[in-house]
Amino acid sequence: MTAYKIHPIVLGTKIFDKSMMTYQHGYGQSYTIPIYCWYLQGGDQTILVDTGEMHPIQSQEREQAINGAIYTFEQGLAKWQLKPEDIDIVIHTHLHNDHCENDYKCENAVFYVHEKELTHVHNPHPLDFRYVEDYILDVEENGQIKTVRQDRQICPGISVIHTPAHSPGGLSVSVQTSLGTAVITGFCVIEENFNPPKKVRAMEMDVIPPGTHVNSYEAYDILKKIKASADFLIPLHEPKFAAVDTIG
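Each step along the sequence shown adds one to the number in the working numbering, with nothing skipped, and position 29 is 327.
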């Protein structure tokens, strides 16, 4: 089976209260998260997980906060000698705007999206303002989207797992690497969600659910399941990967 290399590419940032990542913990703490696109190198197809922000803020302050460079979509791909038209497959963890703003540039790609995400991006609940259908209309109208209804293999060595912790159609991406099975989470979390500090573990909590979630109890159980399934976890917004070129 193909062993993939995973390349984190920072395509934006957000600064907000840490509790947006760690449910019921970190209130009042300012926190900066990277917004990633992940290039999965290996096999005979060029594959991305998510496409990030269209117009990221590229500032020294924000790069210092995450300890890594921030790229536009084109700049980030060029680092790996790629252009948007070279992309064969995009796997979406979910369709909140910061994960799909560059979709329209990937004119030759097939997009794998859970069917529940398509439903919600077109008819979002008022609480979930992060869905903006404009960002996926082009690829949808071009017939580039393939809907996912259950856990499945995308290609040898890469599979998706339905994990509705942060959004109804969240897809975690399981990737075979030289480190074993790496899982890019389909929900917005950081390392602390999977490895809580001592004071949280003392409350008999093994994980911390995402700060925004569909159901807090179910999200807790989903995080435990994903943690147990992976040899190497890649939390979707963990800052430490901003300084890393390659995983695996």
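Mixed in with the good hints, there may be bad ones.
[As the list claims (entries may be wrong)] As a list, the in silico DSSO-like pairs of lysine-lysine whose alpha-carbon atoms are at most 30 Å apart: (1) K444 / K316; (2) K497 / K312; (3) K538 / K381; (4) K403 / K303; (5) K303 / K497; (6) K403 / K522; (7) K303 / K522; (8) K381 / K522; (9) K523 / K538; (10) K497 / K444; (11) K381 / K525.
[Stated by the list, open to error] Across the chosen pairs, the derived CB separations fall in these ranges: (12) Q373 / H420: 24 to 32 Å; (13) A526 / Q451: 31 to 39 Å; (14) D384 / L435: 19 to 27 Å.
Because the hints were derived from the structure by calculation, they are not lab data. No residue lacks a Cβ here, since even glycine has one placed at the ideal position from N, Cα and C.
Here is what the structure says about each hint:
no.	hint	in the structure
1	K444 / K316	violated (34 Å)
2	K497 / K312	holds (26 Å)
3	K538 / K381	holds (26 Å)
4	K403 / K303	holds (23 Å)
5	K303 / K497	violated (35 Å)
6	K403 / K522	violated (36 Å)
7	K303 / K522	holds (25 Å)
8	K381 / K522	violated (37 Å)
9	K523 / K538	holds (23 Å)
10	K497 / K444	violated (43 Å)
11	K381 / K525	violated (33 Å)
12	Q373 / H420: 24 to 32 Å	holds (31 Å)
13	A526 / Q451: 31 to 39 Å	violated (20 Å)
14	D384 / L435: 19 to 27 Å	holds (23 Å)
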